[in-house]
Amino acid sequence: GAGVSQSPSNKVTEKGKDVELRCDPISGHTALYWYRQRLGQGLEFLIYFQGNSAPDKSGLPSDRFSAERTGESVSTLTIQRTQQEDSAVYLCASSFQGGLQETQYFGPGTRLLVL
Amino acid sequence: LAKTTQPISMDSYEGQEVNITCSHNNIATNDYITWYQQFPSQGPRFIIQGYKTKVTNEVASLFIPADRKSSTLSLPRVSLSDTAVYYCLVARSGAGSYQLTFGKGTKLSVIP
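Quick note, the sequences are listed as chains A and B, same order. Quick note: the first sequence, position 44, residue 44 per the working numbering, numbers continuous. Take any residue in the second sequence, count from 1 to its spot, add 1000: that is its number in the working numbering.
Heads up, some of the hints might be wrong.
What the hints assert, rightly or not - One side of the interface only, derived from the structure: several residues of chain B facing chain A at Cβ under 10 Å:
# : residue
1 : Q1016
2 : N1019
3 : Q1042
4 : Y1098
5 : G1105
6 : S1109
These aren't lab readings, by the way, just hints derived from the structure by calculation. Every residue gets a Cβ at the ideal spot worked out from N, C-alpha and C, and that includes glycine.
Excised from the complex, chain B in its bound form (with noise of 0.2 Å):
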């Protein structure tokens, strides 16, 4: 199984560029890294994917280096509306089925 690790929490003033790094040291070759975003009571929301190096779209960026052992996540200039817990996600493939493992989310708290 892919083994996945977070910072439990971290706080940012409005504005800030927040980066949440996961840890996944025991990436294979074809697993893929996802970022989800999750608010109380509510099921989680995709915000990006990637394989390597940088992909962004137009509310994060995801940074993964060569050896694709840790991704990190960046939100450029956040808001009070970006406190939410984040996960990252690695998604593999085997013997015709998936193994989807989930870190244990970082809650991210943006201060006014």
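The shape of chain A in the complex, shown without the other chains (with noise of 0.2 Å):
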């Protein structure tokens, strides 16, 4: 595709509620990135795919939080027994290759409401 997409772009739920958070990245990109960006803070970095290996997941804040990724395609953020410190807006990207020296292209965000 031309560019990073996510789904939906505004998700408002309930305390306790299960979310799942879509992300399709640039055609062809290997790595994925997801952030999770808190209002008026800068960007926390969540979790990385190489293909469709998550080589480390010690950044998703709890074990309420788990992602998956579909080969080198699709990638769902999972977020399980929301609470309202969940709140913010979740943020994907894709590289070519994952390198440290890649440009980063990033979506629109999907924007997470907790009541």
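Grab the two chains, each in its own frame, and use the hints to assemble them into the complex.
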């Protein structure tokens, strides 16, 4: 595709519900990244995929967070039993091969509000 | 983890040169430094990247001293459309994965 797309663009949920956030990377990009951005804050790195493998999951905030990726395509970030502190913008980015020098291309984000 | 520190905000008049400095005192030998720009309700966008010395592209310059403990993003002759938040990123690899540490961002306001 032309760029990284994310869905939904906005999500309002009730505390305790599960949510799934989707990211479609740029076609051909093998590396995919998830970040969280709380209101007025910087970007918090959550997880990185090389292909469908995530070598390090330690950046996920708690065991309520999980992520998976199908091949070198779509990724899903799942938050179980959502809490109000999960409210944030969740940003996805992709890059060609995942090297440190590579440009990351960001999607527009999913704005999650937990009531 | 790498640590980064940036000024929270800066103001500048149109047409001036703006320099934003990011401190990363514990930068490691193989870390790379990248700067991103973010407009409201959008994802960040790449501006420039460097390892050491000076890098220049069509929109900005990046100055990195020999000790690499800081980096300075230089925007020449800013315009109103440069009003945005600017983030420095220190990218580190290790143990088969990455540590990607963004600064908290510098909100640049360009004044007419």
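Taking the hints in turn, this is what the structure says about them:
Proximity of Q1016 (chain B) to chain A is violated relative to the hint, the smallest CB-CB distance being about 25 Å (cut-off 10 Å). For N1019 (chain B), the interface hint is violated, since its Cβ never comes within 10 Å of a Cβ in chain A; the closest pair sits about 20 Å apart. At its closest, the beta carbon of Q1042 (chain B) sits 6 Å from a beta carbon of chain A; the interface hint therefore holds under the 10 Å criterion. The restraint placing Y1098 (chain B) at the interface with chain A holds, with a minimum CB-CB distance near 5 Å, inside the 10 Å limit.
Nearest Cβ of chain A to the Cβ of G1105 (chain B): about 5 Å, under the 10 Å cut. The hint holds. Using the Cβ-Cβ criterion of 10 Å, the hint placing S1109 (chain B) at the interface with chain A is not satisfied: the shortest such distance is roughly 15 Å.
Violated hints, in rising order: 1, 2, 6; the structure is consistent with all others.
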